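Chemist: Protein chains in written order, with this note's numbering: chain L, 1 to 362; chain H, 1001 to 1289.
If you're looking for bench data, these hints aren't it; they were derived computationally from the structure.
Hints are not guaranteed to be accurate.
Said to hold, decoys possible - If you want the footprint, here are the derived chain H segments under chain L, 3+ residues with CB under 8 angstroms: (1) 1091 to 1103; (2) 1225 to 1235.
To be verified - The following residues of chain H were derived to be distant from chain L, with all beta-carbon distances above 10 angstroms: (3) Val-1055; (4) Pro-1084; (5) Gln-1087; (6) Val-1106; (7) Pro-1134; (8) Ala-1149; (9) Tyr-1153; (10) Leu-1155; (11) Tyr-1156; (12) Arg-1165; (13) Gly-1178; (14) Asp-1210; (15) Val-1270; (16) Leu-1273; (17) Glu-1278.
Treat the numbers as computed from the prediction; the structure is a model and nothing was measured.
Quick reminder that beta carbons are idealized off the backbone N, C-alpha and C, glycines included.
Given next are the chains, with one letter for each unit.
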Amino acid sequence: MANPVSFAAFRAWVNLRNEVLILPSRTLALAWTAGALLLPVLQPGPYVLRVAVMTCIFAILAASWDLLSGYAGQVNFGHALFFGAGAYGSSLVSLRLGLSPWIGMACGAVVAGAVGLAVGYLCLRLRGSYLSLATLAFPLIVIGLLFAFPEFSGGEMGVSGVRSLVVSRIANYYVVALGMLVLVFGLWAVADSQFGLVLHAIRDDEVAVRASGLNTTRYKLAAFGISAFTAGIAGGLYAHFMRGAGPSTLETALSFQVIIWGIFGGVATIYGPVTAVFLLYPFTEWLGNFRTLGELRLLIFAVVVLLVLLFMPRGIAPWVRDKIETECPRCKQRNVAWRDSCRLCAAPLRAGAPAARAQSPR
Amino acid sequence: MLQDILVTGLVNGGVYALLATGFSLIFGVARIVNIAHTAFYMMAAYCFYGLLVKVGLGVVPAAVLAVAAVTALSVVCYRLVIEPVRQHEAAVLISTIALALIFQEVMLLAFGGSFLGIPSAVEGVVTVAGVSIPYQRLLILVVAAAVLAAVWYLLYRTRLGLAIRATANDLEVANLMGMHVHRVAMATVAISVALAAIAGVAVAPVFVVDPFMWLAPLVTVLAIVVLGGLGSLKGSLIGALVIGYVEALTVFLLPKGAYLKGAVALSIMVVVLLARPEGLFGVAFEEER
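The shape of chain L in the complex, shown without the other chains (with noise of 0.2 angstroms):
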């Protein structure tokens, strides 16, 4: 070990292995990240490049889902709100005001935010179903208004002639996939984190939070604000990506799919509906290839939904993961499921199991 690099390359990947190629499912994540990232060297062409972009947008707007409903409980009939408004946020002001797309969708973000913490103050003192289907109504709301102003909004046919935000395909991909890698590793850490461990409690039980002395307003607010700024961040990456915004972005249809992706890959995951997004978009786009199958595409998609949730009520991703980890018993540390012994602890992981020698101290 006398070269410092190679020293250095050495750590890396002694903390690679022992951190992350020791249990499959960051392995998993891993080889996900370097595919996003690689993609385009295998050279797709433009229809692969097209599906992977809105891939990416969708996985956003399911993780940012994922945070309000998974983790905070409060779970939301309406999300394509905040996607719209971030799309047409973005839009706006980027052809109304001729500013630079970048401005636009930052914009946009904080458009989307604020409506976030609007809808969330509107809906504190509702709970359960019937926040859920208070909330489904506000984007219908929008849509109504937008078709009542047609001269500000575009009516029916949107908002168009949007620039897009770098001019190369690839380029594009690239904003859109780094874009997707940071707001949904950044919304997995503020879901790991003291902040996540509140919201898990509140949707448990919010009577118990409050009792033990934490302002829950104000966390149910932060929910809201966090998810909508991170869904308008994704309305506004598809507006600049489709050059326009219609009321599409605003549907009851695209908030259902949101809350199918988000349950169908496990809520409170932030991976799960992730998984989700990544498995379910393709298949349908793929499916759309076929003549006679495109026209089923929705039918074999819900019938797929279904099925799987037949068998797996609680999420893809949640079944999956239980299927190739265990948790130690005593440390509450996960293992690769044909481990006999935990790595950390050394304790046996099945009933039968011998221990493992106990490790000297390190």
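With chain L fixed as given, assemble chain H onto it according to the hints.
Modeler: Below, chain H alone, put in the same frame as chain L:
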């Protein structure tokens, strides 16, 4: 103008009341937010169309068969799709969304996406106080009133109704008192979908029938039950009339009212919720912990 508003509001309110009562019932008893509720209404309208126009049955047998078939379909769907995942609320929710999508797509394949018209069951108009009301709309009103009265009788004057109300009130205690809660839930599903199917058959000659006709009433019904209070039948009825009249007022009085009718109705729901989070007649459910 005034008479138009009065009549339109009453007729639409009657249809909404049929839909909202069923939705509210199924939520109260089984805690299922049944997104597919209005999809069953759409299925009934198509069934009626098929039997009446394609098969050539009479109006009455076609209507009865359509309602019976859709009710049977709902029980089958409940047993196959909803019951296995009853423990997982989220899974139930998207199962019903998926069911609604499946119905929509199947009807799209079977009948195509075009608007279908159904001949009126009864022709002619009656003129009351200077406003002419087609008999068909009058029929809708009569059917709605009769069916709602029947539901009231079923719920408040029969043993099954007692069991349904008890289960809605407290599932565990009802179970301990010897009620077969699963069977009660299934009966509730059947009753609730039968109400939706009756609504579908009744409105089919007035509205156009197309595979996407379930989405707009779904949102209205959700607004009504939230407005009236989830699980409250009186609330659903009054909420339905309120929303029916609000929509009629918006369409007739505001410029561009047709675009805004949903928005205004939903805004009213939001305002009511802000003042009274459990809806107008809602019982604040016990903290479910």
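Chemist: Does each hint fit the structure? Answer for all of them.
Modeler: Each hint, compared with the structure:
1. Closer than 8 angstroms: that is the beta-carbon criterion, and the region 1091 to 1103 of chain H has 9 residues meeting it against chain L, so the requirement of 3 holds.
2. With 3 residues bearing a CB less than 8 angstroms from a CB of chain L, the region 1225 to 1235 of chain H meets the requirement of three and the coverage assertion stands.
3. In this structure Val-1055 (chain H) is separated from chain L by more than 10 angstroms, as the shortest Cβ-Cβ distance comes to about 25 angstroms.
4. The beta carbon of Pro-1084 (chain H) sits about 6 angstroms from the closest Cβ of chain L, which is not more than 10 angstroms, so the claim that it is off the interface is violated.
5. For Gln-1087 (chain H), the shortest C-beta to C-beta distance to chain L comes to about 7 angstroms, within the 10 angstroms cut-off, and the non-interface label is violated.
6. Once the 10 angstroms rule is applied to beta carbons, Val-1106 (chain H) is inconsistent with being away from chain L; the minimum gap is 7 angstroms.
7. With a closest Cβ-Cβ approach of about 28 angstroms to chain L, Pro-1134 (chain H) is found to remain outside the 10 angstroms limit, as its non-interface label requires.
8. Non-interface call for Ala-1149 (chain H) relative to chain L: holds, since the shortest CB-CB distance, roughly 27 angstroms, exceeds 10 angstroms.
9. For Tyr-1153 (chain H), the shortest C-beta to C-beta distance to chain L comes to about 28 angstroms, beyond the 10 angstroms cut-off, and the non-interface label holds.
10. For Leu-1155 (chain H), the non-interface assignment is confirmed: its Cβ lies about 21 angstroms from the closest Cβ of chain L, beyond the 10 angstroms cut-off.
11. With 10 angstroms as the threshold on Cβ separation, the claim that Tyr-1156 (chain H) sits away from chain L holds: the shortest Cβ distance comes to roughly 25 angstroms.
12. Distance check on Arg-1165 (chain H): its Cβ is at least 19 angstroms (rounded) from any Cβ of chain L, clearing the 10 angstroms threshold; non-interface status holds.
13. The beta carbon of Gly-1178 (chain H) is kept farther than 10 angstroms from every beta carbon of chain L, the shortest such distance being approximately 29 angstroms.
14. No Cβ of chain L approaches the Cβ of Asp-1210 (chain H) within 10 angstroms, the least distance being about 15 angstroms, so the stated non-interface status holds.
15. For Val-1270 (chain H), the non-interface assignment is contradicted: its Cβ lies about 6 angstroms from the closest Cβ of chain L, within the 10 angstroms cut-off.
16. Residue-level check failed: Leu-1273 (chain H) sits 6 angstroms from the nearest beta carbon of chain L, not beyond 10 angstroms.
17. Not every Cβ of chain L is farther than 10 angstroms from the Cβ of Glu-1278 (chain H); the closest lies at roughly 7 angstroms, contradicting the non-interface assignment.
Going through the hint list in order, the structure does not satisfy hints 4, 5, 6, 15, 16 and 17.
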